[in-house]
Each structure stands twice: as structure tokens, then as C-alpha cells.
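Number of protein chains: 2
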Amino acid sequence: MSLISDLTALVGPAHVLTGADATRLGHDWTGNYRGQPIAAVRPANTAEVAAVVKLAAARKTAVIPVSGNTGLVGGSFTDGGLLLSLERLNRIRDIRPEARIAVVEAGVILSRLHDAAEAQGLYFPLWFGARGSAMISGVLSTNAGGSNVLRYGSTRALCLGLEVVLPDGRVLDLMSELHKDNSGYDLRDLFIGAEGTLGIITAAVMKLVPAPRAHATAAVALDTLSDALTLLNRLQSASGGLVEAFEFMPATYSRRLAEVRPDLGLPFATIPPVTILVELGATAPMLTDPDDSGAIPLTALLQTALAAALEEGLIHDAVIAQTETQRRALWARREAAAEITFAKRPFIDTDIAVPLDCAEAFLTAIHDRLPAIAPDAETLTVAHLGDGNLHFTVFPATADKALHDRVVSAIEDVVQSLRGSFSAEHGVGLSKLNSMQRRKDPVALDVMRAIKHALDPDGIMNPGKVLPAGAAK
Amino acid sequence: MSLISDLTALVGPAHVLTGADATRLGHDWTGNYRGQPIAAVRPANTAEVAAVVKLAAARKTAVIPVSGNTGLVGGSFTDGGLLLSLERLNRIRDIRPEARIAVVEAGVILSRLHDAAEAQGLYFPLWFGARGSAMISGVLSTNAGGSNVLRYGSTRALCLGLEVVLPDGRVLDLMSELHKDNSGYDLRDLFIGAEGTLGIITAAVMKLVPAPRAHATAAVALDTLSDALTLLNRLQSASGGLVEAFEFMPATYSRRLAEVRPDLGLPFATIPPVTILVELGATAPMLTDPDDSGAIPLTALLQTALAAALEEGLIHDAVIAQTETQRRALWARREAAAEITFAKRPFIDTDIAVPLDCAEAFLTAIHDRLPAIAPDAETLTVAHLGDGNLHFTVFPATADKALHDRVVSAIEDVVQSLRGSFSAEHGVGLSKLNSMQRRKDPVALDVMRAIKHALDPDGIMNPGKVLPAGAAK
Chain C
0 MSLISDLTAL
10 VGPAHVLTGA
20 DATRLGHDWT
30 GNYRGQPIAA
40 VRPANTAEVA
50 AVVKLAAARK
60 TAVIPVSGNT
70 GLVGGSFTDG
80 GLLLSLERLN
90 RIRDIRPEAR
100 IAVVEAGVIL
110 SRLHDAAEAQ
120 GLYFPLWFGA
130 RGSAMISGVL
140 STNAGGSNVL
150 RYGSTRALCL
160 GLEVVLPDGR
170 VLDLMSELHK
180 DNSGYDLRDL
190 FIGAEGTLGI
200 ITAAVMKLVP
210 APRAHATAAV
220 ALDTLSDALT
230 LLNRLQSASG
240 GLVEAFEFMP
250 ATYSRRLAEV
260 RPDLGLPFAT
270 IPPVTILVEL
280 GATAPMLTDP
290 DDSGAIPLTA
300 LLQTALAAAL
310 EEGLIHDAVI
320 AQTETQRRAL
330 WARREAAAEI
340 TFAKRPFIDT
350 DIAVPLDCAE
360 AFLTAIHDRL
370 PAIAPDAETL
380 TVAHLGDGNL
390 HFTVFPATAD
400 KALHDRVVSA
410 IEDVVQSLRG
420 SFSAEHGVGL
430 SKLNSMQRRK
440 DPVALDVMRA
450 IKHALDPDGI
460 MNPGKVLPAG
470 AAK
Chain R
0 MSLISDLTAL
10 VGPAHVLTGA
20 DATRLGHDWT
30 GNYRGQPIAA
40 VRPANTAEVA
50 AVVKLAAARK
60 TAVIPVSGNT
70 GLVGGSFTDG
80 GLLLSLERLN
90 RIRDIRPEAR
100 IAVVEAGVIL
110 SRLHDAAEAQ
120 GLYFPLWFGA
130 RGSAMISGVL
140 STNAGGSNVL
150 RYGSTRALCL
160 GLEVVLPDGR
170 VLDLMSELHK
180 DNSGYDLRDL
190 FIGAEGTLGI
200 ITAAVMKLVP
210 APRAHATAAV
220 ALDTLSDALT
230 LLNRLQSASG
240 GLVEAFEFMP
250 ATYSRRLAEV
260 RPDLGLPFAT
270 IPPVTILVEL
280 GATAPMLTDP
290 DDSGAIPLTA
300 LLQTALAAAL
310 EEGLIHDAVI
320 AQTETQRRAL
330 WARREAAAEI
340 TFAKRPFIDT
350 DIAVPLDCAE
360 AFLTAIHDRL
370 PAIAPDAETL
380 TVAHLGDGNL
390 HFTVFPATAD
400 KALHDRVVSA
410 IEDVVQSLRG
420 SFSAEHGVGL
430 SKLNSMQRRK
440 DPVALDVMRA
450 IKHALDPDGI
460 MNPGKVLPAG
470 AAK
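Sequence lines, in order, name chains C and R.
For reference, each letter of the first sequence is one residue, going 0 to 472 in numbering that gives the first Met the number 0.
For reference, each letter of the second sequence is one residue, going 0 to 472 in numbering that gives the first Met the number 0.
To be clear, the hints were calculated from the coordinates, so they are not data collected in a lab.
The structure displayed is predicted, hence computed values, not measured ones.
Keep in mind that the hints are not guaranteed to be accurate.
Unchecked claim - List of simulated lysine-lysine pairs, DSBU-like, C-alpha gap at most 35 Å: (1) Lys53/C with Lys439/R; (2) Lys343/C with Lys400/C; (3) Lys439/C with Lys206/R; (4) Lys53/R with Lys343/R; (5) Lys59/R with Lys439/R; (6) Lys439/C with Lys53/R; (7) Lys206/C with Lys206/R; (8) Lys439/C with Lys59/C; (9) Lys59/R with Lys400/R; (10) Lys439/C with Lys439/R; (11) Lys439/R with Lys59/C; (12) Lys53/R with Lys206/R; (13) Lys439/R with Lys400/R; (14) Lys439/C with Lys59/R; (15) Lys439/R with Lys343/R; (16) Lys343/R with Lys400/R; (17) Lys206/C with Lys439/C; (18) Lys53/C with Lys206/C; (19) Lys439/C with Lys53/C; (20) Lys439/R with Lys206/R; (21) Lys400/C with Lys59/C; (22) Lys439/R with Lys206/C; (23) Lys439/C with Lys343/C.
Unchecked claim - Simulated restraints, written as ranges between beta carbons of each label pair: (24) Asn232/C with Gly264/R: 37 to 47 Å; (25) Ser1/R with Ala57/C: 46 to 56 Å; (26) Ala307/R with Gly120/C: 12 to 22 Å; (27) Thr269/C with Ala210/R: 37 to 47 Å; (28) Asn232/C with Pro12/R: 45 to 55 Å; (29) Leu429/C with Gly469/R: 34 to 44 Å.
Even for Gly, the Cβ is constructed at its ideal location relative to N, Cα and C.
Extracted from the complex, chain C is given alone in its bound form (with noise of 0.2 Å):
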């Protein structure tokens, strides 16, 4: 039997797409990567997801997994390989208020586990602005990271268990809720963050924190990254590490802001060299609880902070939120950054990490050189700068292969003298697999290889990703 005959069988043949139906699934935000798959599968469970990769593996079939099409590095680009969509495992199995976990299938959409841990009284932390599509398998199999990052950390830091699907069709239970389990090596962080490449996560158990029953959140206008840095530090220092974003957004980003999204306003009149989104969120009664003797409002904190550097000239200006609709507003200029970013074309996007106070040496040496290689460009930068991570984006004046390559690879130079990675929150992918190449440690490659060809010996899970081709061990 063919394969499609065979997953017919199994799934059912509507859940068995060819043709413009399979492409459909393999697109990603950026649209720069189109294949065509020789199918796209649509299991309906852990199991059938095992069926299904037991029937590619006999016969040596590429396996491309794929949720919620919003990924950025074309992880989930195939041509002639079988697509597996993860979008019907979408039950969240059971939630725990008490044990603060949420037990979801790979297909729940991160907004609905939002909206699922809001009516438990509770908060996932991890956000971004693809969260109403973004699926927990793309979650987890790139690690994302977005804006909360600097308080509650990127997606490993969120997960307790996981489930996982072999490149041998075998199901590797590894659903812990536990906060401490030192049982043997440490297979969860293997799996998450490796773009399928080693298999499919089919299920998790994340961590949920407590709501913050206060927000503050303020637009900053400021001189230099420099001088937002300081404002930083003195944030965490009066709020005792209440900083739940840190967003930067130069001039760059605020003028194409103004050109390619007039709905969305400015928080000043005049733009700022720097504007940054800052929010903090409280769940002490101390600092959320107005009624209570002794409390201190959160908003009130922040504007005392934000008066004080006002008054010393630290700051220009600030724009404090005092209404969730107002606080809205501000994010949704943020939450622009992908969609401002790709209506220019050709762009070269780069999604960049460095030590957390090398962000300006970066910047200052990187606008230093471009001139020389790419004369006409226009930059874009946004950056999540309490982590150190700049999405630093470039418009040649026209689209040129080896033009493309000269600026990614003189970025890359400037971000392996700051020790930084040229790879931060979005994944290697395709996109990525030069940079692998060119600026990760070999050994550490090497060691990559061993344990992918380990797995995965027949090469079948997502190839082509993530690792560059070399010897496998």
C-alpha cells in the first residue's frame, strides 16, 4: 500500500490533505519558505501520532511537524517530506490551581491557555504577539521566548513534563509535575527547543504562576540605550524585581511604526532616539491592595521612580497607562514588530543575543560597518533588552544573495566578538544553518550530531533543520 493509503486508513481521509491543502500548513510568518509536502497528516492523538511515525519510519519518510504556522526560521518547510500537524491534539487535559499546572496536548493555542490559567485566578507568563496561533509544540519545540522572559523565563523555564514521540514511533513519557526530579539525564531540555528534529512533543505539563493583581505600564522617552539600561536597574531596584518587560524601540522602530501603522498613535509628540515599553506586575497585597493601611499602590511606585529620573534628566518623558485599554494601546505598538517588520521587502531579519551589557556595543559597531556593505540599507531595531536580545533588522536597497550574506555574516562577526549567539528566542531552522556552521563551536556540534544521529539514525525527524551537515559521530 502506499503511504497515503495507508494514513487514510489510520486517520481517515479527512484528516489526509495533498496538494494546495498540504502547502497550506507549511507556510510560516516570514513566507519565505514554500514546499511542497507529499502530504499533510492530521492525527488525532498521542497514538495516531505514533501510528503515523511508525509508517513514515518503514519507509525512511521525512517526518516535518508543524502547529501553528508562525514560526520565523522555516522550521517546518518541506519539500516531498510528510507534514504532520499537531492542530487536532488541542484538549487541555486538566488544570491544578492548587499545584499551579496546566496538563495541555501539543495543538492548544498559547491564548487559550491564557484565558484557560485567567479563570483559574492564575497567569501563564509567556507572551507574544503571534499568541492567538502559536501552538504549545512550536512553544516548546523552539523554546520561545517574547516579553516576559526577563521575570519568568523563556519556555524551558515554564515546563515540567512532556510527551514525546520517537523518530521511532516509541512514546516517551516524561509528564512530570514534579519540581524536583534528578532521576537520570535531563531529556525534557533536550527535547524542548530542538525543532522536532528529534521527535514530536505531543503533550506537556506547564507551570503556572499567580496572576499579578497589579500592573504599571509606561512608554519611556529616553536619550540612549545606555541611559535606558540605568532605568532598568533602578526599576528592579525600587520594585524589588517587579520588571516584567523591558522593550526598546529606537527611532527606527517608531518611524516605520508611524508609516505602516498610523492607527496605532505615538505615546509622544515628537519621537524620541529612544521609547521604551516598561511594565511591572505585583502580587503582593502590599503593593496592590489600595484599601490596605500601609500599601503603596504599584502605579504609584513607578511614577515616583519615573518623576525621579524625570528630575534628574535621565528620562525626556513618560507616558504612565491608566486604563487596561491605555495599557493596550502601548503593547499593541510593541506587538507590531513582526508585521512592521515583514511589509518591507527584501528585509534581512537576524534575532541576535548578547551579554546584557553589550547591547549598545553591538548597535554602535554593526551601524559602524553596514554602510560599507550594504550603502543604501535601511535598520529596524526592536530588542526584549532586559535579556539582551535585539531583532535587528536590514532593507537592502535590492535583493541580492550575496549581499544578503555579507550583512548577516558582518553581524555575525560583531556578535561573536560581544560572545553573544546569533540565534536568541526564534530558532535555528533553515535559516539559521549557516550561522551554525560559521560561528558555533565545533565540538559542540559535533556533540549535536552524535546525539541527532543517536535518535534519530535514519535521519527521518524534520532533517535538514537545526544542524548543519557534517560526519555524525
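Dock chain R against the given chain C, drawing on the hints supplied.
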């Protein structure tokens, strides 16, 4: 040339020990494991560690890394292998307070890192009784936990980068200080907690945190474990998550403490069914600066919460430390745990984790079953209750291997029925190999063996630890 003469040529005769001098380096805190290494070698730096491993690998001689000798599971035992001591790799290479990191070598003693962080106004939050002897390499290799995991996580959560000598002597450079890095598989977390079976950790980048500017510490007397969990939730809620430690000591613990260490005293005139040691820590000025208008000192916050709990009968009594000396005295009673456990022999010690709300179910079930298995056995419990981590020790009337196995099996049965782990924070080593074989998901064991075989095909790195014998994939 013999291995000994090769090693002597490499590191000098003063650093190649044989006979009793070598054996001394192989002991651990339980005193249960004594073998005879062929030699012990003390390389001075990473290059020498790599050269030693290469010499051993060429002869397929087993290499057993050892650092502070405070292990509890036989992880550094060897009969016939080469002990590799990391004690001379003892430099703190760098501390960068503005980046909140310390770059340390494998042999740095934990308390030296505490002191070095404190000198910069910062804090390294990993905290346990053996901190004056335990070294960074052992701490990382066992993913050590301790008393502050509730707030700061285990060792894995406190490490940003690693340097590892692989089983073939190559050096793997993962010395990142980045807070986000998605450039390939998470090798760091694979080597952390691998107990030296995949390579030897020679250096690390550790996270530092702001030093708490105030602590509030108390001993609390309660009736039941369940009441203690209610109290923990109240205190977390009242403080906005500032509980750093929540240690559970039932009457069995207090009685043994009074017997073995009468000099340490007890907090209450009559031993209550449950004593809790609770500590809150705060960095925020509104909780730490009593001169600030509106500030609520942390101790007053704890006092108010405990007074309310006393009023409604949730707790029976409480003693709040008023001075640092009183605080140290409260901690000394908790930190005598290993000493009072190992003072009575034979003992069967365990290190289990259960879901946060299942600790009482574990104790009830095991106390029901134990009399039928070990009629005259005494027990001793001490727990990091906020992590669901219990150290439950059984003192059988006689040293009997079959009885020992029956007791361990009964404990494992209960733990498994609660979806817990037989190994929470001490590691597997030799002492929990049977538990790994009996209780770990067989697919997970297979994946671990495949990884071990891929990285260490000749099996020279700390052989026989962590993974029970079985076919490598």
C-alpha cells in the same frame, strides 16, 4: 609507559596519589562506599584535565571525577578506576556585578562563591548544609537542590554556561553568559545532573541575584503537614512570593535532634507534631527600609500573617528570629539533618519528590505499610515541603540486605503511585541504580543509554553510575 608514570610526567609527582592517599579522595558523606582506585590525579587546569582524560581514554581506563566528597549516592566510588580530583581548579575567574554573573572553576567551594558574591552586594542562592565542602563541579553534576529551590530553582536554573571535558578529551566550550540562546540543542542541561557520566565539568558561568536586604525567619509549631501547606500558601500570597525556604520537621526529627545534638536546643518547650522553618527574603525598599514612609518591614509582615494564623488555630506557636544569631540558630537545627541521620546505623535513606499536594499522602501510606515489612524500624523525615521533596529515612533493627530492598521497594511503590520520583536532588549514583531499573520509563532509559553510548562509546566516564546495565541502543 604505565598510566601512573604518564600521569606523573603530566601533572607532577605531588599530584598523583596512590594507595590510602588515593582512597581518601574517593569517600562520600554516607561512608557506605569504599573502593580502591588505581590512583588519584589532581590536574591544575582544564588543559591538564583534558590531557589526563586522553591518557585514560587511550587505555580505556575508567575516569571517576570527584570534587568535594559530600555526595550521598556513591557517585565517586571506584574500584580499579582513576579518580580525577578537581580540587586544584579553584579559581573564581571573574565576577561581573553589573552583569550578575560569576565565572568559576570546578573546584571552587560553594561557600567561597557565597562570600565572593556577598562582597559585591549580590547573592548566590544555592544553599545547603554541605556548602563549606561541596564544590561547583559536584553541585552541577548532581543538579543540587537545597533549601532555596522554592524561590530560586535548583542548580540548573542558576547556570548560564559550562566548560566540559568530553570522554575523548576534547573540550566543549559552552561558556555563555547569555540569558537567551537557541542555537541548537540544550547541551548545558544535559551535562548538568549527568553525574560525570558524559564528561567532566571544569568551569561554569553562574547567575548571581540581588542580595536580600532583609530576611524574616521563624520556627512555627503546627499539628499537621496539611496545615503547613495552607500556611505556605497564605505566606506566599501575603508576601507576593517572597518565601525562600519552607522546611518541614515532624516530631521524629525534633526528637532525634534533641538526642544527637542537644547543644542545638529546640524552638518550643514541648515538641509539636510539626515544626516548620520558614524564611522570607526581600530586596524591595518598601519591605526593607523602615525609615521610608509607607514601608512595611518584612518581619512585621511575617508577624502579622503568623498572628492571624495563630488566632484562627492554624498554628500553635511561632518564634521569629530577632537577630542574625537567632536566625542562624534556627537554621543550625535544620542543617544538622545529614549528621543526625547518619549517626544511627543501619539506615535506609531516601530522597523522593512527589507532587506538591501529595506529601501527606506519601507519609500516611508508607507509615501504614512499614510495620508489616520492618516491624521495629524507626523513621525520620525532613522535607523541603515547598518543593514536594522529602528525605524519609528508615532505621531497621538489623542490617539485612533483603529487608533493605523490601523497604526501598515499598517506598518506591508509594512514590510511583503518586507519580513521584525516587530521586529528587541527590542524584542516582550507585545507590539508586535498582530504582532506575525498576521505576524509570523504559523508553527514557533507552534514550539515556543511546546518548551515553553516542558520547562515550567505550564507557570510560564514571562507568556503572546513573544508568543500570542494559543494552545500549
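| message | Between the alpha carbons of Lys439/C and Lys343/C, is the straight-line distance 35 Å or under? | response | The hint holds at about 30 Å.
| said: Given a hint of 37 to 47 Å, does the C-beta separation of Asn232/C and Gly264/R actually sit inside it? | reply: Given about 42 Å between the Cβ atoms, the range holds.
| field | Restraint status (C-alpha distance of Lys53/R to Lys206/R at most 35 Å) | value | holds (31 Å)
| said: Does Lys206/R sit within 35 Å of Lys206/C, going by the straight-line distance between their CA atoms? | reply: Holds: Lys206/C and Lys206/R sit about 22 Å apart, inside 35 Å.
| Consistency of beta-carbon spacing, Pro12/R to Asn232/C, with hint 45 to 55 Å | With a Cβ separation near 51 Å, Asn232/C and Pro12/R satisfy 45 to 55 Å, so the hint holds.
| Can the restraint linking Lys59/R and Lys439/R be considered satisfied, given a maximum Cα separation of 35 Å? | Holds - the C-alpha atoms of Lys439/R and Lys59/R are around 29 Å apart, at most 35 Å.
| query | Under the criterion that the straight-line Cα-Cα distance not exceed 35 Å, is the pair Lys439/R, Lys206/R satisfied? | reply | holds (31 Å)
| message | Between the alpha carbons of Lys343/R and Lys400/R, is the straight-line distance 35 Å or under? | response | Holds, at roughly 17 Å.
| How does the Cβ-Cβ distance of Leu429/C and Gly469/R compare with 34 to 44 Å: does it lie in that range? | The hint (34 to 44 Å, Cβ to Cβ) holds, given that Leu429/C and Gly469/R are roughly 37 Å apart.
| message | Tell me if the straight-line CA distance from Lys439/R to Lys343/R falls inside 35 Å. | response | holds (30 Å)
| request: For the pair we were handed, Lys439/C and Lys53/C, check the Cα-Cα distance against 35 Å. | output: holds (33 Å)
| Given pair status - Lys53/R, Lys439/C, alpha carbons within 35 Å | Roughly 24 Å separates the two Cα atoms, so the pair holds.
Hint 4 from the list above is the single one not met by this structure.
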